[in-house]
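Given chain S, work out where chain R should sit, using these hints.
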Amino acid sequence: MSKTNEILFAGFGGQGILFSGKVAAYSGLVAEKFVSWLPSYGPEMRGGTANCHVIVSDQPVGSPIIVNPTDLVVMNKPSFDKFENDVVPGGNIFIDSALIDRDCTRDDVNVFKVPATKMANDMGMPKLANMIMFGKLLKETGFVDMETVKQGLAKSVPPTKQQLFDTNLKAIEAGYNL
Amino acid sequence: MDKVLMKGNEAIAEAAIRANCKHFFGYPITPQSEISAYMAKKMPKIGGTFMQAESEVAAINMVYGAAGAGVRVMTSSSSPGISLKAEGISYIAGADLPCVIINIVRGGPGLGGIQPAQSDYFQATKGGGHGDYRLIVLAPSSIQEIVDCTTNAFDLADKYRMPVMILGDGMIGQMMEPISFPDNVDTKEIEKPWATTGTQMKRKKNVVNSLYIDPKELEDLVVARYKKYDEIEKTEVKFETENIDDADIVLVAYGTTARIATAAMRMARAEGIKVGLIRPITLWPFPKDIIAETAKKCKCMISVEMSMGQMIEDIKIAANGACPVEFYGRTGGMVPAPAEILNKIKEVM
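Residue numbers (the working numbering), protein chains in the order written: chain S, 1 to 178; chain R, 1001 to 1349.
Quick caveat, the hints were computed from the structure, so don't treat them as lab data. Each hint should be verified, as a subset may be incorrect.
In silico lysine-lysine, PhoX-like type, Cα no more than 20 Å apart, as pairs [as the list claims (entries may be wrong)]: (1) Lys1003/R <-> Lys155/S; (2) Lys170/S <-> Lys127/S; (3) Lys1041/R <-> Lys161/S; (4) Lys1238/R <-> Lys1288/R; (5) Lys1159/R <-> Lys1022/R; (6) Lys77/S <-> Lys127/S; (7) Lys1003/R <-> Lys150/S.
As the structure is a prediction and not an experimental result, all values here were calculated from the model.
Chain S with its partners taken away, still in its complex shape (with noise of 0.2 Å):
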């Protein structure tokens, strides 16, 4: 049986959420799997909703745009409206429930809520929100596994940044450990 998780990352620009998706393709790559990212490009990025297609799959990808994803991790209300009816029955909803005040409607999904900004701002770093969320849908969706994601946040940091990766690392764990 083959496996393909159809993940969407969603949010405001400058949350990460490009970076988060990058993240989850090169780790899909590290596993050998079939991978596609795709960004929001144009009006909305520039100061609105930014949102990122990943396709991770056993089967080469067909088209990179996802309609109904089987993973949708959200960081802000205006992109959980936006795709919270979209999500696949039985698929998963990540929430960062400290930018989220709203409950989820349907019944049919799995809901994670994760007050990920005010982990990461407790945390004293603020601007990894993003990933403490990536931490929690690697533990739910199992997608590749924590070694895989090491190897995969290692080639998703520029080479001359790679201070970069063990602060990554420590806000994915804080996510996976919830």
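Just chain R now, kept in the frame of chain S:
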């Protein structure tokens, strides 16, 4: 080489450099600006030339000059920018010079939008600029294929002394996929005795020109050029097919739309509907023989495009009435979903 994730735009730039492109002239426009950005960063490091021109018109004329001097040269833009370059492209075709032009298409007409589209098919394959001329047009559908197409584009340009266009769209330009570059690029840079490199008093001067006042002389030149085009139509056609042998309905799609069509084909097959796909890789020369052959065996063809229907005209000419040719498309930057294509398949059944 290890696999890396790269955006389509970056892959084009890196593949061009590996194909020994040493000169790039461009002007930024979404959604292809990463090509210019990559070239700006890399060209100085390899002893090449990157120049951000003052306009698209200037950039294509710099390409004209560099091509005349016999070096491998490229420019890139998106739809409105390509319209501005059209005059220069016609001159380059008229002067029989090789170069590579990238169009990462966005919605039009006019300034249009910035989201993916395929509505420049006519412009790419039927002209764009004035006069009797052709471009070889390549339409990759994955980032890995971009690498092959870019290398191939420079080889074809040199071999036939003509401009070659790579027609992408905003989606393939912006998306990332794993790719690997071959360790040794198999590229065929050839001698260019016609290049204006300076005579050093050792040979007759070479002239780069597209002005011929004597109509007979001009006609002879154009006819000779069309003999070359005939040769290209015989030897350079590229396409892929999937599931066409038993197909009742055959989708025809190129570039990223072909991938969405592939997803629709899988959905249809899962429901027991016999759907196949023809994916042109060269848009000119158009793969008319496989269309003609397949049209005799299937019940219906559907052209799937991100436009109001442009490639469908070439499909109809090739099918020549052997089967009905239907159309499904979205335009203006809207991208069709696989389910929409599946609905169209069911509608024509």
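Inset, instruction - With a cut-off of 20 Å on the C-alpha distance, tell me whether Lys77/S and Lys127/S pass. - result: holds, 18 Å
Inset, instruction - Assess, step by step, whether the Cα of Lys1159/R is no farther than 20 Å from the Cα of Lys1022/R, and give holds or violated. - result: holds, 18 Å
Inset, instruction - Assess, step by step, whether the Cα of Lys1041/R is no farther than 20 Å from the Cα of Lys161/S, and give holds or violated. - result: Roughly 18 Å between the alpha carbons, so the hint for Lys1041/R and Lys161/S holds.
Legend entry - Straight-line alpha-carbon gap Lys1003/R to Lys150/S, limit 20 Å: The given pair, whose Cα atoms are some 17 Å apart, holds under the 20 Å limit.
Inset, instruction - Starting from Lys170/S, check that the Cα of Lys127/S is at most 20 Å away, please. - result: Holds, at about 13 Å.
Inset, instruction - Below or equal to 20 Å on CA atoms is what counts here, so check Lys1003/R against Lys155/S. - result: holds, 11 Å
Legend entry - Distance restraint between Lys1238/R and Lys1288/R, which requires alpha-carbon spacing of 20 Å or less: Measuring from Cα to Cα gives roughly 10 Å; hence the hint holds.
Checked against the numbered hints given earlier, this structure breaks none of them.
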